[in-house]
Amino acid sequence: MESNENILEVNHLKINFNTYAGTVKAIRDVSFNLKKGETLAIVGESGSGKTVTTRSIMGLLAANSEVAGGDIQFHGKDILKMSQKELEQLRGAQIAQIFQDPMTSLDPTMRIGRQIAEPLMVHKGMKKDKAMAQALEMMKLVGITDAEQRINDYPHQFSGGMRQRIVIAIALINYPEILIADEPTTALDVTIQAQILDLMRELQNKISTSIIFITHDLGVVAGMADRVAVMYAGKIVEYGTVDEIFYNPKHPYTWGLLSSMPTLDTNGEELPSIPGTPPDLLDPPAGDAFAARNAYALKIDTEQEPPFFKVSDTHYAATWLLHPDAPKVTPPEQILERQEQFAKMQKDLAQQGHHVEEEEEKQ
Amino acid sequence: MEDQNAKKVLEVSHLKQYFNVGKKDEVKAVDDVSFDIYEGETFGLVGESGSGKTTTGRAIIHLYTPTSGSILFNGQQVIGMHDRAKMQQFRRDMQMIFQDPYASLNPRMKVKDIIAEGIDINHLAKDDDDRSQQVADLLDTVGLNRDHASRYPHEFSGGQRQRIGIARALAVQPKFIIADEPISALDVSIQAQVVNLLKELQRKRKLTYLFIAHDLSMVKYISDRIGVLHYGRMLEVGSSDEVYNHPLHDYTRSLLSAVPVPDPEYERTRTQIGYDPKYEDGSKKRELVEISPRHYVQASEDEIPMYQERAKKMGLEIL
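Heads up: the sequence lines are chains L and C, in that order. The letter at position 236 of the first sequence is residue 236 when you use the working numbering, and the numbering goes up by one with no holes. The letter at position 122 of the second sequence is residue 1122 when you use the working numbering, and the numbering goes up by one with no holes.
Please note that the accuracy of each hint is not assured.
[Claimed, not checked] These stretches of chain C come out as covered by chain L in the derived footprint (C-beta under 8 Å, 3 or more residues):
no., region
1, 1179 to 1192
2, 1212 to 1218
3, 1261 to 1267
Don't read these hints as lab results, they were simulated from the structure. Yeah, the Cβ is synthetic: ideal placement off N, Cα and C, and Gly gets one too.
Please model the complete structure; the sequences and the hints are all you need to start from.
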């Protein structure tokens, strides 16, 4: 599914919000790319900038926002410089979004068949009959039972899980190249969540859309993502493949996130927690924004912002701990266990690779 | 907490909470639910939305008048309690922490007045100095700065607001706290802080908790025993380790198999177990049956052997 072709490139994005209290630096130099057919998960706490990042990709920033730098390249064009008209052609056609709350993202006064068909009529100028026929197909594809009977129902006649399927149908009807899913299952129960995630994986295989998946649930990330970017205080602090982030994390914030979530196996008295609260982005601290909450902080963290250090070709982390002169620290116990697993996986992989090479040699 | 000699603080039996009784849209939100909570333990109620977990909590704390059943708190019947003095004592002994820290604090009241409301109503402070002292102590207890007493709720983050909600509950020195999804609205890094605080308070003040949540990993972590609710019925009750490691009811198995785990290897091989609600169709009389010691499953007479067989396969002791 994946290829190395970048379908979207975000370069040095900086976004501010002008408020009565002052300028909030919501995105502070964020760069990443999205490859064709992959799922990139962006994780972080509320206020870390994950939603603002994706809103800028959709050209949906609030009126008090200001792009302070950077660009977003999509098919050789900078989305940030597009006119309203160009953006309208983009949204719902090439880039579509699934929102968090299926209860509020549908029009309560419009029959659902019409809502699903609308993007076809708007973007492709399709006649209503034909669009409705395609909407029906899409309803079946996303698993809405008795689609023929239900096409003329209103949103309130559906459960939360079914409504989210309708939202997905609307987003996918034009086979977008990029699907932005902003906490698409947070409002749903676990069993329904599992169904929706299965559906998204299945549809991604069918129409090879690239997905940007925003969530704070690391369990969901583990099951959905090919690559993961961890955001903190308006910056990406670590990114890598899903295995690199979960089994070989390097940034203390990623350590904190992973250890503060109990798994079904966690027992014991105290849950490791990250002390304090995220910094105020009206006045971001000098140096590493995570330093104040970081038990592993070095002196330099309060003075100078860490650059990205390379861990592997696909894995980078912005922490001074990776500097060659930094003192060696021991990560939390849970992280050590994860790293052991990573070492074992690498060994298995190397052995497998070895076997493949041997076989190739024989041939 | 599995000490059989431990004192029962709360005994809920055959609790039914119906809405719109006798009308076409009658809802059986809680339908014949029974369970006990022992002193000093945390009992977790899990279930999906609409399963009746919040309704159960609200019925226990007397926000609803149950349709039928019995709720004994320290041996006293709560349903139909009319005696003013007894009621006031009950409301002191049992407190609630709410889900949404943004909606559950009055935005026009200062933090000290929010926290002291219960102190005032119950005349627990000798004078103004004592009141301020109690508020300051409570702020210390929940890890907030005592200088914050004269601020308003909007000046606090979600996690800090939830701490204010906890301080308010503690102000009247309760023995029993119902926590209804107390961490769902908080960020991951803050959830762990609040859970640790709740655990610490339980240890220091010998509190008993009814912990209601849909986040199964967190419920497992915080609870000693767990009850699984579905469609208003209690399907399985047992120690949290038992219920999670050896689930007997098909619904519990299905629910647990749907929990995403922060482990990509595990997620790649995970198979979700489907659920056929035939074990709840109401055609048979089903009751909670103790299959293995202190591990109960809702079953009809003829389903008991099947569950016993299941338990035996898991290596559990059969009764």
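* **Hint check against the structure, violated hint numbers in rising order** => none
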